[in-house]
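Work out the full structure: start from the sequences and follow the hints.
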Amino acid sequence: MNLTLKIWRQKDANDKGKMVDYKVTDISEHMSFLEMMDVLNEQLVASGDEPVAFDHDCREGICGMCSMYINGEAHGPDRGVTTCQLHMRMFKDGDTITIEPWRAKAFPVIKDLVVDRTSFERIQQAGGYISVNTSGNTQDANAIPISKVAADEAMDAATCIGCGACVASCKNSSAMLFVGAKVSQYALLPQGQVEAVERVQNMVAQMDLEGFGNCTNTGACEVECPKGISLENIARMNREFLRASLKG
Amino acid sequence: MSVLDSKIPAGPIKDKWTSYKDKINLVNPANKRNIDVIVVGTGLAGGSAAATLAELGYNVKAFAYQDSPRRAHSIAAQGGINAAKNYQGDGDSTYRLFYDTVKGGDYRSREANVYRLAEVSANIIDQCVAQGVPFARDYGGLLDNRSFGGVLVSRTFYAKGQTGQQLLLGAYSAMNRQIARGKIEMHNRHEMLDVVKIDGKARGIIARNLVTGEIERHSAHAVVIATGGYGNVYFLSTNAMGSNVTAAWKIHKKGAFFANPCYTQIHPTCIPRSGDYQSKLTLMSESLRNDGRIWVPKNMEDVMAIREGRKKPTDLSEDERDYYLERRYPAFGNLVPRDVASRAAKERCDAGYGVNATGEAVYLDFASAIERYGKEQAKIQGINNPSAAKVYELGQAIVEAKYGNLFQMYEKIVDENPYKTPMMIYPATHYTMGGVWVDYNLMTTVPGLYCIGEANFSDHGANRLGASALMQGLADGYFVLPYTIGDYLSDDIRTGKIPTDSPEFDQAEKEVKEKIDFFINNNGTKSVDHFHKRLGKVMWDKVGMARNEKGLKEAMAEIKAIREEFWKEVKVPGTANELNPELEKAGRVADFLELGELFAKDALTRNESCGGHFREESVELDGEQKGEAKRNDQDYAYVSAWEYKGEPADAVLHKEELEFNDIELKQRSYK
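Residue numbers (my numbering), protein chains in the order written: chain A, 1 to 248; chain B, 1001 to 1671.
Just so you know, the hints here were simulated from the structure itself, not pulled from any lab data.
Among the hints, erroneous ones may be present.
Claimed, not checked - Over 12 Å on every C-beta distance to chain B, these chain A residues come out as not near it, computed from the model:
1) L3
2) N172
3) K227
4) E232
5) L242
To be verified - Lysine to aspartate or glutamate pairs mimicking EDC-like chemistry, simulated, CA-CA at most 16 Å apart:
6) B:K1526 / A:E50
7) B:K1571 / A:E42
8) B:K1254 / B:E1504
9) B:K1526 / A:D38
10) B:K1526 / A:D49
11) B:K1412 / A:D78
12) B:K1533 / A:E42
13) A:K6 / A:D21
14) B:K1533 / B:E1569
15) B:K1412 / A:E210
16) B:K1571 / A:E50
17) B:K1560 / B:D1591
18) B:K1513 / B:D1439
19) A:K148 / B:E1616
20) A:K148 / B:D1138
21) B:K1655 / B:D1439
22) A:K11 / B:E1616
23) B:K1553 / B:E1616
24) B:K1526 / A:E42
25) B:K1571 / A:D21
26) B:K1533 / A:D38
Just so you know, even glycine gets a beta-carbon here, dropped at the ideal spot from N, CA and C.
Next comes the structure, spelled out in structure tokens:
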């Protein structure tokens, strides 16, 4: 298939940036979206232009690097996939595809489609851990039984890949789904109870400090999340936060 | 006398690690504050090492080329992590895990290292649970296990099909705690481009800030390389796009020996290639072989009919199918080790029985498992005489609960529903057992320079068993290196901070900058990927699943020629002082082009078949094992450690003879 691509080009953080049109031809429907981008970049290198910079690494939907806003949707039109898992069979010959970076105050653009997500790092550093030493001198792994339901729910929350699609999809650029998922994972496990109060307070405070917006329950984040992280996690975080406020 | 000293402690194997720990030098907490350690790479090995060293009190500087440690490719490991917990009471023990790992590695690993790995494995699970890793549990609330290829017990712990992700997020959380305390200085989007040696010791690195292009000097009392494997030398592999050999290769060029480069694991269950544009291959967890049965059609007419779309795989009756692993290896069946399963798939496809258009695919079929689970569920739920549809529905639910995310991933890529029609799979490069040579302390041949995780060569011999990579990465980082490095650093308590204005740093930085300027100014005509793809094709065709003398000699010559052309013709757009992914790739491919030649040379030198290394000249000619790989313990029971001497073809071989005192050398039989 032949396609027209409208891509955000921005030289660096200080550049104003603009949309630029490109044409690609003979794209196979079996290609992944990023393989289509590889074809474009090979074309640009051959013609002496600078290729489009974009984040990507594992290309199997788990590292969370890739981050394209395609035709107005984080990770494009398919559901439950990252950009690298999106396949060209979702498009048809003659289509025009608009490709932008994540847009959020807390995710400034570094270049073209690459954004700076270190705000997520700082939120995790504020409390996204259990303070246990890594010496291995802990109790036996089976000493505390955990119900299968709790373990499975914790796993569902922990499956977040930290890509930032939730923020990019939210009209308020809220990071509540991301933070809610991490808070939930620990809230559901006995190991997380000891520091529960400080954890939710510190992570939420850091989230606010980074300039992420608030949640207005639109639910776009849940729809666009490539890993299907549920809105329940936001509700659970709110409960944890309320409980912490009462205790604290 | 070999220049290689493996420093294996004396004494019975089960006491070596304990008595070693009792006798090493320690650094007191006040002195640890004056010692800096650089950790390059933040996957399971690097991340766990950085966290633990920081927690012990050292000042850690960690480096990752991604924008976060959480994105290292350990995250993509699916199936699980082994540990000799024997929770299932099925006969597992430290010795048995040790034995299975040495046997699975085809008797080409170092006994003492493997025993230590098995010994600390159980602790890893305790540690991860304490960190909040949500491992799968049974209804009683205790940890669940699954079985993996090459073993007869269930010792694999898992978190759905995302075990690597959960373990890495555990290590990442431990790192975050130390970053918040200021004990780890984290450098994201940085790439190490050289190591700096002062008075023969590793004392720092030169790194490039990938966002600004700035070349930075970082000093430390010791340097740890944890940068993973070199599977991307094949261009197509299951590695991440950025996975590279650069850090390991740079230290090789500065004196670290490179061991067994030809030991590469070709994983049997990957999604087949679909076209020339393919950028990488996707693994389907080996755990699928627990329930999936592998087959191709028995008759060539059916193969043709399937390829032409006249028949569907589900049209074939049981006796029209060749379950070739069950046929050839009745004892282990579909659960033979990875190298055996991969070669068996190649054998059938080379014979013309491949089931897709490229002729490089076999079926992995879940129909029997769905039926078996369905009947079991019907019984549990008290449904008498369930209909076939009901059995299917119940069975599908169980398979979905076990492998749902893998099935979904397959469907997204291939656009076929694997619950209804068998998956198509084919082997792909996945893991490299070879790597930087290290002694028992995980130190390379350069003092103060350590190498851990997949980047080193130590524990898996010529073939790695499933669910052992995660175990080794975390064992090295959490439990081994933190002890061994202390013994070395105890001599450095009076050294003081290492200055970065020495001539050694000047020289290393100058060389790095010259190379970058060369790429930017070369004005060639061909892209980096052009050369990488050509290298990959030579590697796959001639240094792939089956190798012979003629092909290997050709490969060495061809790789050299591609390398020479690369330096003349490579084209790198953009500038040095900005985010420039093409420049990053150019540096990495330049190193792959050297490694590839050494790889072929190593394969040529080792004229035996062992594990992932299969020489066509070395097969059993008769008896029950006819046609199977033939190992040669008489001549090749050694580790090949290569010393850099300029051109890869001139590398000098040093041999570390392997001694087997606790395990009898036997031919691997999975029949």
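Hints, verified against the model:
no.: 1; hint: L3; in the structure: holds (14 Å)
no.: 2; hint: N172; in the structure: holds (23 Å)
no.: 3; hint: K227; in the structure: violated (9 Å)
no.: 4; hint: E232; in the structure: holds (16 Å)
no.: 5; hint: L242; in the structure: holds (22 Å)
no.: 6; hint: B:K1526 / A:E50; in the structure: holds (14 Å)
no.: 7; hint: B:K1571 / A:E42; in the structure: holds (11 Å)
no.: 8; hint: B:K1254 / B:E1504; in the structure: holds (12 Å)
no.: 9; hint: B:K1526 / A:D38; in the structure: holds (15 Å)
no.: 10; hint: B:K1526 / A:D49; in the structure: holds (13 Å)
no.: 11; hint: B:K1412 / A:D78; in the structure: holds (9 Å)
no.: 12; hint: B:K1533 / A:E42; in the structure: holds (13 Å)
no.: 13; hint: A:K6 / A:D21; in the structure: holds (5 Å)
no.: 14; hint: B:K1533 / B:E1569; in the structure: holds (15 Å)
no.: 15; hint: B:K1412 / A:E210; in the structure: violated (35 Å)
no.: 16; hint: B:K1571 / A:E50; in the structure: holds (11 Å)
no.: 17; hint: B:K1560 / B:D1591; in the structure: holds (12 Å)
no.: 18; hint: B:K1513 / B:D1439; in the structure: violated (33 Å)
no.: 19; hint: A:K148 / B:E1616; in the structure: violated (49 Å)
no.: 20; hint: A:K148 / B:D1138; in the structure: holds (6 Å)
no.: 21; hint: B:K1655 / B:D1439; in the structure: holds (13 Å)
no.: 22; hint: A:K11 / B:E1616; in the structure: violated (52 Å)
no.: 23; hint: B:K1553 / B:E1616; in the structure: holds (14 Å)
no.: 24; hint: B:K1526 / A:E42; in the structure: holds (9 Å)
no.: 25; hint: B:K1571 / A:D21; in the structure: violated (24 Å)
no.: 26; hint: B:K1533 / A:D38; in the structure: holds (13 Å)
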